[in-house]
Amino acid sequence: MRTVTMPGMHLVGIDPGLSLTGFACVRVCAEQPLSQPELVEAGVFRLDRRRSVSERLVELERDVCDLLGRVRPVCVCVESLFSHVAHPRTSVIMGHARGVILLAVARSGIELIELPPAEVKKAVTGNGRASKPQVQQAVVTQLGLASVPEPPDVADAIAAALCGSRRWAASVLSAGTPGRAPAEALHSASFPR
Numbered sequence: 001m002r003t004v005t006m007p008g009m010h011l012v013g014i015d016p017g018l019s020l021t022g023f024a025c026v027r028v029c030a031e032q033p034l035s036q037p038e039l040v041e042a043g044v045f046r047l048d049r050r051r052s053v054s055e056r057l058v059e060l061e062r063d064v065c066d067l068l069g070r071v072r073p074v075c076v077c078v079e080s081l082f083s084h085v086a087h088p089r090t091s092v093i094m095g096h097a098r099g100v101i102l103l104a105v106a107r108s109g110i111e112l113i114e115l116p117p118a119e120v121k122k123a124v125t126g127n128g129r130a131s132k133p134q135v136q137q138a139v140v141t142q143l144g145l146a147s148v149p150e151p152p153d154v155a156d157a158i159a160a161a162l163c164g165s166r167r168w169a170a171s172v173l174s175a176g177t178p179g180r181a182p183a184e185a186l187h188s189a190s191f192p193r
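The opening residue of the sequence shown carries number 1 in this note's numbering; numbering runs sequentially from there.
Keep in mind that the hints are not guaranteed to be accurate.
Quick list of the computed label-pair ranges, beta carbon to beta carbon [unchecked claim]:
#, residue 1, residue 2, range
1, PHE82, ALA30, 31 to 37 Å
2, SER80, ALA146, 27 to 33 Å
3, GLU55, SER35, 37 to 43 Å
4, PRO88, ASP66, 28 to 34 Å
By construction, these hints were calculated from the structure, which means they are not laboratory data.
Using N, Cα and C, we set each Cβ at its ideal position, and we do this for glycine too.
Whole structure, please, built from the sequences with the hints as guidance.
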């Protein structure tokens, strides 16, 4: 999924997974960081389920590094780990994928924003417990997309990028200069309302 461009800075949202990892790149206007971000590209990395976990992690790391090298973001937004008592194995699996993504981001020297899942959902839908279809519809509405992002991992990555872009913009404005904001400001900035 690709759209058109305006001058600005790229931010990437990633929805980690060991089968499908959603990614999205949004552009934020450098002169007006709180303006509506524009979708540059979005999609999924499809990892072969027949391969071992370690082989999929190597493939995921390669895909993430290629994405970061291609879009050259100022920051990457990744949801923090969510654990559900009924599905503890999912948390462990997601932890593997998140770890590889965080390592790739750290090695690249790009700022990282970790976002609680409920914060991402609330930022795009107004409800921290929104369903996947609600998140999909919210990103369609906010970005004026022609169709619903599929699979839902793409919409989750777009939502992370949108949520993170608001936090990043607020930190840039509080720091007083566009560009890379200090890591402390990224983690303490509040969302514009």
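(request) Could you check the hint for me, namely that PHE82 and ALA30 are 31 to 37 Å apart, CB to CB? (result) 33 Å, holds
(message) Holds or violated: the 28 to 34 Å window for the beta-carbon distance between PRO88 and ASP66?
(response) Holds, since PRO88 and ASP66 (Cβ atoms, about 32 Å apart) stay within the stated range.
(request) State, for the Cβ atoms of GLU55 and SER35, whether the hinted interval 37 to 43 Å holds or is violated. (result) Between GLU55 and SER35, where Cβ atoms are some 42 Å apart, the hint holds.
(message) I want to verify a distance hint. Is the separation of the beta carbons of SER80 and ALA146 within 27 to 33 Å?
(response) Holds: the Cβ-Cβ distance is about 31 Å, inside 27 to 33 Å.
When held up to the earlier numbered hints, the structure conflicts with none and fits them all.
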